Amino acid sequence: MNKILLIIRREYLSRVKKKSFLLITFLVPIFLIAVYAIAILLAVKSFESNQATVQVIDQSGLFEGKLHDTETITFVETSGNVSDARAGIRGAEKKLLLIIPENITETSRVELLSSEMANVGTQKTISGQLEGVLRDIAFEKAGIDRRTVEAIRPSVTIEARELTPEGEKQSSAEATVGIAMTLSIVVYICLFLYGTQVMRGVIEEKNNRIIEVIISSVKPFQLMMGKIIGIGLVGLTQFILWIILSATLMGGARMAIMDDMTIEQVAATQEQMPSGGKPAAYGDVMQALNTVNFQEIIIGFLLYFFGGYLLYSALFAAVGSAVDSETETQQFTFPITLPLLFAYILSFGVLVNDPNGPLSFWLSMIPLTSPIAMLVRIPFGVPTWQLVLSFALLAGGFVLTTWIAARIYRIGILMYGKKASYKELIKWFRYKG
Amino acid sequence: MLEIRNIVKQYANHLALDNISTHIAKGSIFGLLGPNGAGKTSLIRIINQITAPDSGEVYMDGERLGPKHIGRIGYLPEERGLYKKMEIGEQMCYLAQLKGLRRQEAVERIKHWFEKMEMQSWWNKKIEDLSKGMQQKVQFVATVVHQPDLIILDEPFSGFDPVNANIIKEEILALNRNGATIIFSTHRMESVEELCDSIILINKSKKILDGKVKAIKDTYRTNTYRVEYFSRDKPVTGVDDLFSVSSRETVEDRTVLTINIAGGRTINDVLTYLIPLVQLHELKEIVPSIHDIFVDKVTQKKPSTAIETNQ
Chain A
1 MNKILLIIRR EYLSRVKKKS FLLITFLVPI FLIAVYAIAI LLAVKSFESN
51 QATVQVIDQS GLFEGKLHDT ETITFVETSG NVSDARAGIR GAEKKLLLII
101 PENITETSRV ELLSSEMANV GTQKTISGQL EGVLRDIAFE KAGIDRRTVE
151 AIRPSVTIEA RELTPEGEKQ SSAEATVGIA MTLSIVVYIC LFLYGTQVMR
201 GVIEEKNNRI IEVIISSVKP FQLMMGKIIG IGLVGLTQFI LWIILSATLM
251 GGARMAIMDD MTIEQVAATQ EQMPSGGKPA AYGDVMQALN TVNFQEIIIG
301 FLLYFFGGYL LYSALFAAVG SAVDSETETQ QFTFPITLPL LFAYILSFGV
351 LVNDPNGPLS FWLSMIPLTS PIAMLVRIPF GVPTWQLVLS FALLAGGFVL
401 TTWIAARIYR IGILMYGKKA SYKELIKWFR YKG
Chain B
1 MLEIRNIVKQ YANHLALDNI STHIAKGSIF GLLGPNGAGK TSLIRIINQI
51 TAPDSGEVYM DGERLGPKHI GRIGYLPEER GLYKKMEIGE QMCYLAQLKG
101 LRRQEAVERI KHWFEKMEMQ SWWNKKIEDL SKGMQQKVQF VATVVHQPDL
151 IILDEPFSGF DPVNANIIKE EILALNRNGA TIIFSTHRME SVEELCDSII
201 LINKSKKILD GKVKAIKDTY RTNTYRVEYF SRDKPVTGVD DLFSVSSRET
251 VEDRTVLTIN IAGGRTINDV LTYLIPLVQL HELKEIVPSI HDIFVDKVTQ
301 KKPSTAIETN Q
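Protein sequence lines correspond, in order, to chains A and B. FYI, in the numbering used here the residues of the first sequence are 1 to 433. FYI, in the numbering used here the residues of the second sequence are 1 to 311.
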């Protein structure tokens with residue numbers, strides 16, 4: 001037991017001390033935060049760049065006093081002639097010239113001139129206001145009271161609430177789906193990444209020929225488990241550091257960008273914006289995220305990542321022991337990762353759309369697919385008994401694959417220059433002692 | 001020290017060890033000899049508990065070989081290798097700790113060895129920064145740092161330049177004088193012949209012979225002598241019932257004969273005959289080398305294999 005700890009310690013320290021580990025550990029959250037920050041900055045920037053003054057030359061005379069200034073647009077009615085106005089905006093920033101022709105009611109066409117391409121939001125706002133005015137005129141002509149129309153235009157708002165044993169809780173399908181997808185991607189990539197690291201480690205020891213020295217001191221099983229656990233702990237360390245760093249940086253970044261605006265204020269500002277076309281307003285996302293149980297997700301993620309990792313890395317270790325170089329691994333790693341790939345692909349369609357259906361249920365029970373399938377389901381809420389059963393099966397699956405892998409591993413690490421085939425692996429598995 | 005009883009090891013399609021038994025005395029230097037592929041490494045792996053025999057047992061100091069003996073054995077495999085990217089001092093510590101040493105103890109011993117072998121400055125270096133010969137030295141230290149009672153060296157001198165080979169040889173002999181039992185495994189029989197007290201010869205997974213080197217050589221003595229005398233004397237020819245001459249060579253003023261003494265006669269009888277005839281210069285018994293014995297033994301059984309198995 002003591003020797004396993006020594007091996008774990010070496011595997012862990014030799015990787016954590018590497019420059020590449022530190023680099024990745026610190027760069028990934030910074031990168032994520034940077035993306036996040038840039039997104040917010042761009043949003044703020046575009047809000048600012050929406051500010052514009054629009055000179056209106058209304059040749060129809062229908063719009064006098066009917067265009068309202070908004071947060072971003074100031075309308076200035078002018079009566080001067082077109083060519084003068086044109087000259088006035090040439091080269092000017094954030095100045096636009098709106099020319100409404102006499103026959104606007106027939107053509108529904110206006111000209112918007114500016115020295116630089118007019119912002120889409122601005123265009124939308126202008127056309128929206130023009131449409132509103134034209135509609136009112138049309139209503140009037142048809143003899144319909146505008147208030148009647150507004151009264152008969154129904155508007156439905158869905159307030160999704162989930163019934164849970166603790167009572168009702170607000171749920172946000174979009175946020176949950178987003179989180180489920182992210183988890184599925186992260187687990188898929190990480191299982192691959194760390195499983196391959198185990199495989200590389202085994203090949204390295206085999207190629208270095210240090211293997212014989214070590215297994216004259218410890219049992220092959222101890223070496224294999226030590227390596228698997230050591231590298232797994234490296235993965236967990238990395239995740240925990242990522243979570244802590246991201247949370248800290250995220251907090252910092254939010255402060256820096258928002259100054260002392262609160263989230264509610266931001267949300268409020270955005271709701272006031274007349275151009276309702278802004279996709280999933282920032283405040284809404286934050287609110288939706290608040291409804292998700294992050295604690296459960298993080299714990300579930302760490303448990304399922306580690307369980308899935310143990311299961312798969314044992315298989316990767318067996319593959320590493322059977323080959324002489326990394327180039328030969330392809331034929332063995334592909335079938336191993338197939339179930340993983342399967343669950344990963346399904347997670348985008350079936351699992352997310354029907355997280356409690358029979359396929360989702362079975363995929364989240366089978367140990368080979370449960371690390372991805374169950375994680376995708378967790379944000380939607382999974383009954384406790386299913387969680388317990390699925391995790392127990394995962395643990396059992398891990399014991400089984402480790403046992404199989406260890407039997408191949410102990411023979412494989414001493415075999416050199418022999419092209420391993422599946423037949424050969426089965427033979428190794430059957431060797432006694 | 002080590003008692004090996006009826007070891008059989010079968011691999012998928014060949015028998016690696018066929019009922020091997022031998023005894024290795026405490027404090028001796030033991031030669032495990034045989035051509036490549038004879039089964040030496042298979043036997044070593046069993047002693048190191050890397051693999052288990054299909055049948056048969058190994059006893060160490062009267063006890064069935066088990067995990068508790070691991071720390072008492074030091075093993076230098078034929079294929080040398082260490083972690084390329086790990087610092088040497090740290091790596092040595094790790095290997096010593098795996099053999100059961102406490103860290104403090106390991107550090108002290110390693111420092112001691114590094115001083116002795118003049119490699120103090122290597123502590124923070126990486127293996128990949130060292131030359132092949134230096135790597136071998138490091139590996140040797142790794143083998144003996146935990147003060148094993150039994151040191152198993154598989155092809156120990158391959159890869160060393162003559163100077164370093166000699167240093168290592170001296171260190172091994174010193175360890176032996178301090179009580180360690182040494183097993184040399186090699187196919188280059190002449191390289192360890194003069195070092196070994198006892199040997200086992202294996203070929204094609206079978207034991208050919210084993211025992212004390214002296215006793216083996218005595219058994220294989222052929223009563224052949226080399227006689228050198230001054231050529232100005234009357235040429236010597238064979239005498240029935242006393243000796244026959246199997247080769248004759250004259251270099252400048254000396255003649256060298258190889259003679260075989262007839263059964264029942266001794267070298268003294270030959271001398272009594274020769275002394276009045278010639279001025280003797282040198283007389284020496286020609287003792288067969290282990291290699292000769294090996295070839296002889298193998299040829300008796302299967303003449304065709306003798307040449308190809310000879311290195």
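Treat the hints with care, as some may be off.
Said to hold, decoys possible - In silico SDA-like links for lysine to any residue, alpha-carbon gap of 20 Å or less:
no., chain 1, residue 1, chain 2, residue 2
1, A, K19, B, E90
2, B, K85, A, V16
3, B, K132, A, E204
4, A, K3, B, T51
5, B, K214, B, T51
6, A, K219, B, P148
7, B, K126, A, N207
8, A, K219, B, G27
Unchecked claim - Just some of the chain B residues that point at chain A, by a computed CB distance under 8 Å:
no., residue
9, V8
10, A12
11, N13
12, I50
13, G66
14, E79
15, R80
16, L82
17, Y83
18, K84
19, M86
20, L98
21, F157
22, T222
23, Y225
Said to hold, decoys possible - Incomplete in silico selection of chain B near chain A, CB under 7 Å:
no., residue
24, N48
25, I70
26, Y94
27, Q97
28, G211
29, A215
30, K217
31, Y220
Bear in mind the hints are in silico, worked out from the structure with no lab data behind them. These numbers come from a predicted model, not from an experiment. Where is the CB? At the ideal position from N, CA and C, for every residue including glycine.
Against the structure, the hints:
no. : hint            : verdict
1   : A:K19 - B:E90   : holds (18 Å)
2   : B:K85 - A:V16   : holds (14 Å)
3   : B:K132 - A:E204 : holds (18 Å)
4   : A:K3 - B:T51    : holds (19 Å)
5   : B:K214 - B:T51  : violated (33 Å)
6   : A:K219 - B:P148 : holds (19 Å)
7   : B:K126 - A:N207 : holds (17 Å)
8   : A:K219 - B:G27  : violated (28 Å)
9   : V8              : violated (12 Å)
10  : A12             : holds (6 Å)
11  : N13             : violated (10 Å)
12  : I50             : holds (5 Å)
13  : G66             : violated (12 Å)
14  : E79             : holds (4 Å)
15  : R80             : holds (6 Å)
16  : L82             : holds (5 Å)
17  : Y83             : holds (6 Å)
18  : K84             : holds (6 Å)
19  : M86             : holds (6 Å)
20  : L98             : holds (4 Å)
21  : F157            : violated (18 Å)
22  : T222            : violated (41 Å)
23  : Y225            : violated (46 Å)
24  : N48             : holds (4 Å)
25  : I70             : holds (6 Å)
26  : Y94             : holds (5 Å)
27  : Q97             : holds (5 Å)
28  : G211            : violated (27 Å)
29  : A215            : violated (31 Å)
30  : K217            : violated (33 Å)
31  : Y220            : violated (35 Å)
Hints 5, 8, 9, 11, 13, 21, 22, 23, 28, 29, 30, 31 from the earlier list are contradicted by this structure; the remaining hints agree with it.
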